[in-house]
Amino acid sequence: MATSSSNGGLIVSFGEMLIDFVPTVSGVSLAEAPGFLKAPGGAPANVAIAVTRLGGNAAFIGKLGDDEFGHMLVGILKKNGVSTAGVNLDKGARTALAFVTLRADGEREFMFYRNPSADMLLTPDELNLDLIKSAKVFHYGSISLIVEPCRSAHLKAMEVAREAGALLSYDPNLRLPLWASAEEARTQIMSIWDKADVIKVSDEELSFLVQTDVVDDAAAMSLYHDKLKLLLVTLGAKGCRYYTKHFRGTIDGFRVDTVDTTGAGDSYVGALLCKIVDDQSIIEDEEKLKKVLAYANACGAITTTKKGAIPALPTPSQVRDLMN
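Position 62 of the sequence shown, counting from 1, maps to 61 under numbering that gives the first Met the number 0, and the rest follow consecutively.
Keep in mind that the hints are not guaranteed to be accurate.
[To be verified] Straight-line distance between alpha carbons at most 25 Å, and here's what the computed SDA-like set of lysine to any residue pairs gives: (1) Lys194 to Lys244; (2) Lys194 to Met220; (3) Lys274 to Val209; (4) Lys228 to Thr257.
These are computed hints drawn from the structure, not numbers from a lab.
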């Protein structure tokens, strides 16, 4: 069984890994930025590393260019204890790049270089099915749904994971500039909605999917489906809301000095999955779930205190310090 050296059930994260170029100065446009910090990223890869940083067991499945950036990213996964048994390298395509503008408030704007990038070219035949079958949790986003052949690979991987009994975790991670249109993004994100057991959306994504300016319980519950065990809506610095079949509530966030919000949601998801992978009954026990979500909020908050996603992902001791 292909696992990393950490403890606990295996969390397999599927999708894109890329290099984010973050301006060295906040609050300027890409054109005005005097320089850029090279930061490894990509939401599914961020989640995998968030898991191992917290002592969990994770693998990443995706495709990178057989180039210097691709080899660098494989090295970062290995250095962080993430299994790379599901990583493919493509000689004919480059590793994806994203230039990320940090506004003065720490929020981001994106410009992507993918024409096509290697992550878009993963085929169903290239999937490491043994790795997927050994997952207790299978986590994914929506960027891998944008084009073929990666879309078919994504759908097959989900199906194999479901048949093997994995918990399916979905964070749409909306990046509108990558989609042909907002309507296409909404349609494709929702096309796999009813397959997931756990879904995490940001308040902005909820607003986009439901097409409402009012982010409330009614908006969230309009996205609930019969198979769903847990729906989470992250509220940035304000924390998160949680919804299950039997209860719902809000968990406050933590006050920190925010520098860059990149990866905060991925850190939150990694923390949640780390806590529930070996005890899914937590989802049905509100008091236990509230503690786990407070922990996840702390992880998300810490991640906003540094530039870049992976460099900012917290360790257990950092989380303890913030929560105590």
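Structure-based check of each hint:
A C-alpha spacing of about 16 Å is found between Lys194 and Lys244, which places the hinted pair at or below 25 Å, so the restraint holds. A hinted pair counts as satisfied when its Cα atoms are at most 25 Å apart, and Lys194 with Met220 qualifies at roughly 16 Å. Proposed proximity of Lys274 and Val209 is contradicted: the alpha carbons are some 29 Å apart, above 25 Å. Between Lys228 and Thr257 the alpha-carbon distance is near 31 Å, which puts this suggested pair outside the 25 Å criterion.
Going down the numbered hints, you'll see the structure goes against 3 and 4, while the others check out.
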